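K.L.:
With our numbering, letter number 53 in the sequence shown gets 135, and the count goes up by one each step, no holes.
Just so you know, these hints were derived from the structure itself, not from any lab. As the structure is a computational prediction, the values presented were derived from the model and not from experiment. Do not rely on the hints blindly, as some may be mistaken.
Beta-carbon label-pair distances, calculated as ranges [what the hints assert, rightly or not]:
#  : residue 1 : residue 2 : range
1  : Pro186    : Glu116    : 14 to 24 Å
2  : Ala165    : Val223    : 48 to 58 Å
3  : Asn147    : Ile187    : 34 to 44 Å
4  : Phe117    : Val92     : 53 to 63 Å
5  : Trp169    : Ala96     : 19 to 29 Å
6  : Leu100    : Phe178    : 11 to 21 Å
7  : Leu93     : His193    : 23 to 33 Å
8  : Thr152    : Ile91     : 46 to 56 Å
9  : Asn183    : Val223    : 17 to 27 Å
10 : Phe123    : Phe179    : 17 to 27 Å
11 : Phe162    : Asn183    : 17 to 27 Å
Glycine is no exception: its CB is placed at the ideal position from the N, C-alpha and C atoms.
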Amino acid sequence: MMSEKFGGIVLNVAFRLLVPFTIVYGVYILCLGEFSPGGGFQAGALLSVGVVLARLVLGFDTKFNILGETSLILAGVGTFLYAFTGWLTLFGGAKFFLDYNFMPIKMEPVHEMHALGIFIIEIGVAICVMMTIINLLEAIVKRGEEPDGDSK
């Protein structure tokens with residue numbers, strides 16, 4: 083299903099115009115998520131759209147292709163980044179998880195340390211959400227390609 087190319091010249095041109103803007107906007111939402119609506123979840127969803135569109139239009143020959151096992155590992159990496167940031171604050175002397183003022187990285191002024199902590203969290207969430215959406219899509223496609231030999 084998604085292993086073959088889909089569409090013609092119009093779809094390819096639209097894809098080549100749409101995907102770069104989607105990816106740039108996803109990175110923009112990630113970087114400014116602390117100060118504006120958005121953040122890791124929205125950025126991860128937008129970034130996954132680029133991979134999904136690439137796979138739909140170009141098939142498995144695309145440079146944006148991220149396969150199931152890789153996406154599962156990267157989703158774990160994103161979750162680890164989130165948890166590791168919380169552990170850093172606890173190791174720095176915080177009384178509760180994700181108290182960014184206690185990160186062991188010393189920065190002046192203190193609000194810069196807080197912004198760095200939130201940015202690391204959002205990167206982890208974006209990676210996890212992006213890879214989870216890609217993994218879900220691949221599971222749905224594999225399920226659709228299974229033969230109907232034993233249906234009840």
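K.L.:
Each of the hints needs a verdict: does it hold here or not?
P.N.:
Checked hints:
1. Pro186 to Glu116: 14 to 24 Å: At roughly 20 Å between Cβ atoms, glutamate 116 and proline 186 fall inside 14 to 24 Å, so the hint holds.
2. Ala165 to Val223: 48 to 58 Å: Taking Cβ atoms as reference, alanine 165 and valine 223 lie about 30 Å apart, which means the hint is violated.
3. Asn147 to Ile187: 34 to 44 Å: Given range 34 to 44 Å: holds, Cβ gap about 35 Å.
4. Phe117 to Val92: 53 to 63 Å: About 38 Å separates the Cβ atoms of phenylalanine 117 and valine 92, which means 53 to 63 Å is violated.
5. Trp169 to Ala96: 19 to 29 Å: About 44 Å separates the Cβ atoms of tryptophan 169 and alanine 96, which means 19 to 29 Å is violated.
6. Leu100 to Phe178: 11 to 21 Å: Violated - the Cβ-Cβ distance for leucine 100 and phenylalanine 178, about 43 Å, lies outside 11 to 21 Å.
7. Leu93 to His193: 23 to 33 Å: At 46 Å between Cβs, range violated.
8. Thr152 to Ile91: 46 to 56 Å: violated, 31 Å
9. Asn183 to Val223: 17 to 27 Å: violated, 45 Å
10. Phe123 to Phe179: 17 to 27 Å: For phenylalanine 123 and phenylalanine 179 the Cβ distance comes to about 19 Å; the hint holds.
11. Phe162 to Asn183: 17 to 27 Å: Holds: the Cβ-Cβ distance is about 22 Å, inside 17 to 27 Å.
In summary, the structure is inconsistent with hints 2, 4, 5, 6, 7, 8, 9 from the numbered list given earlier, while agreeing with the others.
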